[in-house]
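Could you put together the complete structure from these sequences and hints?
Each residue of the sequence shown is one higher than the last, beginning at 0 in numbering that gives the first Met the number 0.
It is possible that part of the hints are untrue.
Stated by the list, open to error - Below 20 Å or equal to it, Euclidean Cα-Cα: the simulated SDA-like pairs (lysine to any residue) are:
#	residue 1	residue 2
1	Lys103	Asp62
2	Lys103	Leu113
3	Lys103	Leu173
4	Lys111	Cys165
Honestly, the hints are just simulated from the structure, not real lab data.
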Amino acid sequence: MEYIKRKKIAETSEKISDEVVKSGLERIRACYQCGTCTGGCPSGRRTALRTRAIIRKALLGVDEVLSDPDIWLCSTCYTCYERCPRNVPVTDIIIMLRNLATQKGFIRPSHKGLTHMLIDTGHGVPIPEGEGGEKWRKLRESYDLPSLPPTVHSEPGALEEIQTLCESTEFGILVEYPGAKEK
Numbered sequence: 000m001e002y003i004k005r006k007k008i009a010e011t012s013e014k015i016s017d018e019v020v021k022s023g024l025e026r027i028r029a030c031y032q033c034g035t036c037t038g039g040c041p042s043g044r045r046t047a048l049r050t051r052a053i054i055r056k057a058l059l060g061v062d063e064v065l066s067d068p069d070i071w072l073c074s075t076c077y078t079c080y081e082r083c084p085r086n087v088p089v090t091d092i093i094i095m096l097r098n099l100a101t102q103k104g105f106i107r108p109s110h111k112g113l114t115h116m117l118i119d120t121g122h123g124v125p126i127p128e129g130e131g132g133e134k135w136r137k138l139r140e141s142y143d144l145p146s147l148p149p150t151v152h153s154e155p156g157a158l159e160e161i162q163t164l165c166e167s168t169e170f171g172i173l174v175e176y177p178g179a180k181e182k
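Below is the structure:
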């Protein structure tokens, strides 16, 4: 008698779900896959993001969740958490999965570029130097705002502090920043 052979659809490991639980996000176990998170997701309306599927993969320990580009589509608006009938912190779980993905080298090129800009300028979206920056400063002033926001742009030592933190935590190595050195 011949039997149907099972195919392994995806690699799984308990490590991913254990990591999520160990990080204090044990509420993931309360998810009963109702789909409210996906139904209310503003990003999901315009992208391939399906938060319910991401949570399911994380619960099952499906390794591919870390290499799934969809985890980077979440705008971290917390609508899913606000609507979840079981109070599952979906956004926090996605952020945690992004952290794990980054540690495994699965950071999206656009996010990597943003981290490099953060190290260079102290901002993900800095006010440019030169003529472009002058336009932004004048625009801010036209709205009765200070020409520079109260951020790294207006605090002289702040950029150095950010760069020191990035170096001491080896953040530059994690995000493959050119010239980053191990301690």
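**Prompt:** Regarding the pair Lys103 and Leu113, is the alpha-carbon distance no greater than 20 Å?
**Reply:** holds, 18 Å
**Asked** Is it true that the CA of Lys103 sits at most 20 Å from the CA of Asp62?
**Response** Holds, because 11 Å separates the two Cα atoms, which is no more than 20 Å.
**Message:** Does Leu173 sit within 20 Å of Lys103, going by the straight-line distance between their CA atoms?
**Reply:** holds, 9 Å
**Request:** Compare the distance between the alpha carbons of Lys111 and Cys165 with 20 Å, and conclude whether the hinted pair is satisfied.
**Result:** Roughly 14 Å separates the two Cα atoms, so the pair holds.
When each numbered hint is compared with the structure, no violation occurs for any of them.
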